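**Q** Below are the chains, spelled out letter by letter.
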Amino acid sequence: MRPVVLKTLNAPILVIILTFLVAIQSSLFNSYPLMYLQPDVVLVAVVWSALRRDFAEGGVLTLILANIAEIHSGAPQGLYLACYMAVYLAIRILSRFFLFPNLTSYIGLTLGASIFWKLLSLFILHLLGLSANQWRHTLVLLLPGAVMVGIVSIWLFRFFERFDWVTYKNPKAKHADDDILIDEEGWAE
Amino acid sequence: MLRYIKEYRFYIILFLFILIPIIAIDTSTRAPREYRLYDRVIVGITSPVQTAISWALEISVSFVNNYIFLFSTRSQNLELIGENRKLLNMIINLRETQEENKRLRKLLNFKESFSLETVNARVIAKDVSTEFRVIRINRGEDNGIKKDMPVVNSEGVIGRVLRTTGKTADIVTLLDLLSAVDSIVKRSRVRGIVEGMTDEVCHLKFALRTDDIQNGDLLISSGLGGVFPKGLPVGRVTDIVRQPYGITQSVEVRPSVDFSKLEEVLVITGKMDSPIHVAEQYQQQLTGPKGKKEEPES
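Protein chains in written order, with my numbering: chain A, 1 to 189; chain B, 1 to 298.
For the record, the hints were derived by calculation from the structure and aren't laboratory data. None of the values given here were measured: they were computed from a predicted structure. Be a bit skeptical, because a hint or two may be false.
[Unchecked claim] A few chain A residues that face chain B, going by a derived Cβ cut-off under 7 Å, partial list only: (1) 23; (2) 30; (3) 59; (4) 69; (5) 85; (6) 130; (7) 141; (8) 142.
[Claimed, not checked] Derived pair list, reagent style BS3-like, types lysine-lysine, alpha-carbon separation capped at 30 Å: (9) 186/B with 261/B; (10) 205/B with 146/B; (11) 172/A with 6/B; (12) 6/B with 7/A; (13) 205/B with 86/B; (14) 230/B with 186/B; (15) 205/B with 186/B; (16) 6/B with 174/A; (17) 146/B with 230/B.
[Claimed, not checked] Partial pick of chain B residues on the chain A-facing surface, computed with a CB cut under 10 Å: (18) 23; (19) 153; (20) 155; (21) 198; (22) 264.
Glycine included, every Cβ here is placed at the ideal spot set by N, Cα and C.
My request is simple: use the sequences and hints to build the entire structure.
**A** Below is the structure:
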């Protein structure tokens, strides 16, 4: 019973945790020059959702998290929804052709996703007629921003992994529990 | 029917995932979204965290600055005393000008209104993206703050209120690409629109190539547009590029407010007054009741 409840609560708790992380991100990095190194925690969560959730759940999580980011930003309405969803779908497609077996590959993917996200947002802003003189600023901060997201993702991915394990979202967690029970009953060799 | 839905479940979900963001992008307004009920709930959860972190950071920075880095305190103190004297002289001159202005206004039978209501607020967070320059302050609707109210500090124009909740308000700063302030060059009275460009500079749009603008020129708010009162400092011209062709010239403006060190702001909630009176109000708020007592009553 307990694993089922925890598994059900996984997504809502993840949303709450990320809401707090967005609050921390926006207030901790609000002073100069830290503001240029602001990591995008939502992007890391979107990458995680694309790789570790089924299509529908990951997509809904992406929309909710993009919405939370949008509330904490002055971005035009819908920009973050479109950009994060594009990142989500792109990673889903990539994951069908490539294997992302370990943390290093996840970090590499996050770096790429960060660059893709920024360029896409610039493109949409251009379509909305708002990108005048913005491209230079975006391009200057493109790589530092991606590196910062990559660094933060090391801890965040480990945290997500641990969180999924504790809440039995990771299928291996249930099996590990069963093995322990078998072990305690004296069935293990 | 259900069988078809089950069969094409993936495509239906994919279609919805693509459709929702496209619908959300409001191409007609291109504006940041207004707060809805659930947005307010989320902001209600995050704003105390932001306030707490902001407060903790401020305490830490204050501790480091006040107890650890005291190398140049004495020389800075002497500089500030000198600066304070200069400012006091300036205030006296401004007061004289104001008195003269009052007399002239009376002669012209202009009605004057002297009520300037402001709300002090602290910056608690900045935009989650580096592309936009919106800040969040710890005062909101409960303190009388409403959308489109001007936000200033002693240095000049900061921005306008973008949206509010009960306890917080988002300010779209002068540097944001969604910001536009109708301004005039103080020296030559040339008009233009100051729009955000990067984290440090703005640009003056619609300035004709033949307009008289020079490096170092001070830009002040024109009072048009109905948000900012006339005469508030907006910024200084730092770079001008005049091409041999075209109608306009490219003018780069550095805001008079140092946004990298922005901690406290004033939201103007009441009627506006002359810039001199505004300056006096700032002075009173900076010096407090003690400074107020020392000032001779006019």
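**Q** Hint by hint, note whether the structure agrees.
**A** Now the hints, each set against the structure:
The interface hint given for residue 23/A is met, as the beta carbon of that residue sits about 4 Å from the closest beta carbon of chain B, less than 7 Å. The beta carbon of residue 30/A is positioned within 7 Å of a beta carbon in chain B (closest approach about 4 Å), and the interface hint is therefore held. Taking 7 Å as the C-beta cut-off, the interface hint given for residue 59/A holds, the closest approach to chain B being about 5 Å. Annotation: residue 69/A was flagged as interfacial toward chain B, and the flag holds, the nearest CB pair being 5 Å apart, inside 7 Å.
With its C-beta approaching chain B no nearer than about 5 Å, residue 85/A sits inside the 7 Å limit, and its interface hint holds. A distance limit of 7 Å between C-beta atoms decides the matter here; for residue 130/A the minimum to chain B is near 6 Å, and the interface restraint holds. Because the beta carbon of residue 141/A sits about 5 Å from the nearest beta carbon in chain B, less than 7 Å, this interface hint is met. Nearest Cβ of chain B to the Cβ of residue 142/A: about 10 Å, over the 7 Å cut. The hint is violated.
A distance of roughly 26 Å separates the Cα atoms of residue 186/B and residue 261/B; the hinted pair therefore holds under the 30 Å criterion. For the hint pairing residue 205/B with residue 146/B, the CA-to-CA distance comes to about 28 Å; that is within 30 Å, so the pair holds. Distance check on the hinted pair: residue 172/A and residue 6/B sit about 28 Å apart at the alpha-carbon level, within 30 Å; holds. Proximity of residue 6/B to residue 7/A is assessed by CA-CA distance (about 24 Å); at most 30 Å being required, the pair is judged to hold.
Taking the CA atoms of residue 205/B and residue 86/B, the gap is near 35 Å; set against the 30 Å cutoff, the hint is violated. For the suggested pair residue 230/B and residue 186/B, the alpha carbons sit about 11 Å apart, so the restraint of at most 30 Å is met. Proximity of residue 205/B to residue 186/B is assessed by CA-CA distance (about 16 Å); at most 30 Å being required, the pair is judged to hold. A C-alpha spacing of about 28 Å is found between residue 6/B and residue 174/A, which places the hinted pair at or below 30 Å, so the restraint holds.
In summary, the hint linking residue 146/B to residue 230/B is supported, as the alpha carbons are separated by about 20 Å, within the 30 Å threshold. Evaluation of the residue 23/B hint against chain A yields a held restraint, the C-beta minimum of about 8 Å falling below 10 Å. Interface hint at residue 153/B: violated, since its Cβ lies 16 Å from the closest Cβ of chain A, which is beyond the 10 Å cut-off. The interface hint given for residue 155/B is broken, as the beta carbon of that residue sits about 15 Å from the closest beta carbon of chain A, more than 10 Å.
Below 10 Å, beta-carbon pairs count as interface contacts, and residue 198/B has one with chain A at about 5 Å; its hint therefore holds. Residue-level restraint check for residue 264/B is violated (minimum Cβ-Cβ distance to chain A is 13 Å; threshold 10 Å).
The structure shown violates the earlier hints numbered 8, 13, 19, 20, 22.
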